[in-house]
Structure formats: structure tokens, C-alpha cells
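A.B. asks: Sequence:
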Amino acid sequence: MERITNGAILPLGMRGGVAALGNFDGFHLGHQAVVGRALALAREREVPALVASFDPHPARLFKPDLPPFALTTVKQRMNLFSA
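For the sequence shown, numbering that gives the first Met the number 0 gives the first residue as 0, with consecutive numbering after it.
Quick caveat, the hints were computed from the structure, so don't treat them as lab data. This structure is a prediction, so every number in the text was calculated from the model and none was measured. Each hint should be verified, as a subset may be incorrect.
Unchecked claim - Taking CB as the label site, the calculated pair distances span: (1) Pro10 with Pro63: 29 to 35 Å; (2) Pro66 with Val46: 24 to 30 Å; (3) Pro10 with Arg42: 33 to 39 Å; (4) Asp64 with Met13: 33 to 39 Å; (5) Pro67 with Gly12: 33 to 39 Å; (6) Gln75 with Gly15: 25 to 31 Å; (7) Leu28 with Ala7: 39 to 45 Å; (8) Gly15 with Leu65: 17 to 23 Å; (9) Gly35 with Pro63: 31 to 37 Å; (10) Leu70 with Glu45: 32 to 38 Å; (11) Ala69 with Ala18: 40 to 46 Å; (12) Phe68 with Met13: 28 to 34 Å; (13) Ala7 with Gln75: 19 to 25 Å.
Ideal Cβ positions, reconstructed from N, Cα and C, are used throughout, including at glycine.
Please model the complete structure; the sequences and the hints are all you need to start from.
C.D. replies: Here it is, written out as C-alpha cells:
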């Protein structure tokens, strides 16, 4: 698993892949289904699978006065994605 942060350019080998896009905080069954579908499509198409998540939660950008909240840390999410 590779982590790309801070607006880094996507490596050439990952371009054209299938992406699951979401916050994925907690990684519940619905999140697992979204990521599972992306993995299945990537396998079918023989392209890379990517999971795009956010830190901080996008709501913080639109409502910066909200108190910080998170069910999982970035490190915990990385562990959940690689399990």
C-alpha cells in the first residue's frame, strides 16, 4: 500500500485505475462495499485500485467552526484498508 499526501502527483503506474472516494471514517459495512466494488472493477479491468480518503474531514473546510471529530485516525484507516 502506498500513501500519497499533500497534493502529490499520482504515480504513472496508478493512473487509469479505479478509485473508491470517501472519508471512510470507521470503515463500516457500507464503506467496505464501496471499496470492495472498486477492487472488483479494478481486477476485471486489470488496472490499479485506489482508495481516496480525506484528513481533515471535508466538513471542516466548509464549517471550520465545528469542533474536530474523527472515529479513526489516518494511521488506523491505513491499517483498516490494508487488512
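A.B. asks: All hints, please: hold or fail.
C.D. replies: Evaluation of the provided hints:
1. Pro10 with Pro63: 29 to 35 Å: 32 Å, holds
2. Pro66 with Val46: 24 to 30 Å: 40 Å, violated
3. Pro10 with Arg42: 33 to 39 Å: Once the Cβ atoms are compared, 19 Å apart, the range 33 to 39 Å for Arg42 and Pro10 is violated.
4. Asp64 with Met13: 33 to 39 Å: The hint (33 to 39 Å, Cβ to Cβ) holds, given that Asp64 and Met13 are roughly 36 Å apart.
5. Pro67 with Gly12: 33 to 39 Å: 35 Å, holds
6. Gln75 with Gly15: 25 to 31 Å: Holds, since Gln75 and Gly15 (Cβ atoms, about 29 Å apart) stay within the stated range.
7. Leu28 with Ala7: 39 to 45 Å: Taking Cβ atoms as reference, Leu28 and Ala7 lie about 31 Å apart, which means the hint is violated.
8. Gly15 with Leu65: 17 to 23 Å: 36 Å, violated
9. Gly35 with Pro63: 31 to 37 Å: 33 Å, holds
10. Leu70 with Glu45: 32 to 38 Å: 34 Å, holds
11. Ala69 with Ala18: 40 to 46 Å: 22 Å, violated
12. Phe68 with Met13: 28 to 34 Å: 30 Å, holds
13. Ala7 with Gln75: 19 to 25 Å: 21 Å, holds
The structure fails to meet hints 2, 3, 7, 8, 11 from the earlier list, while all remaining hints are met.
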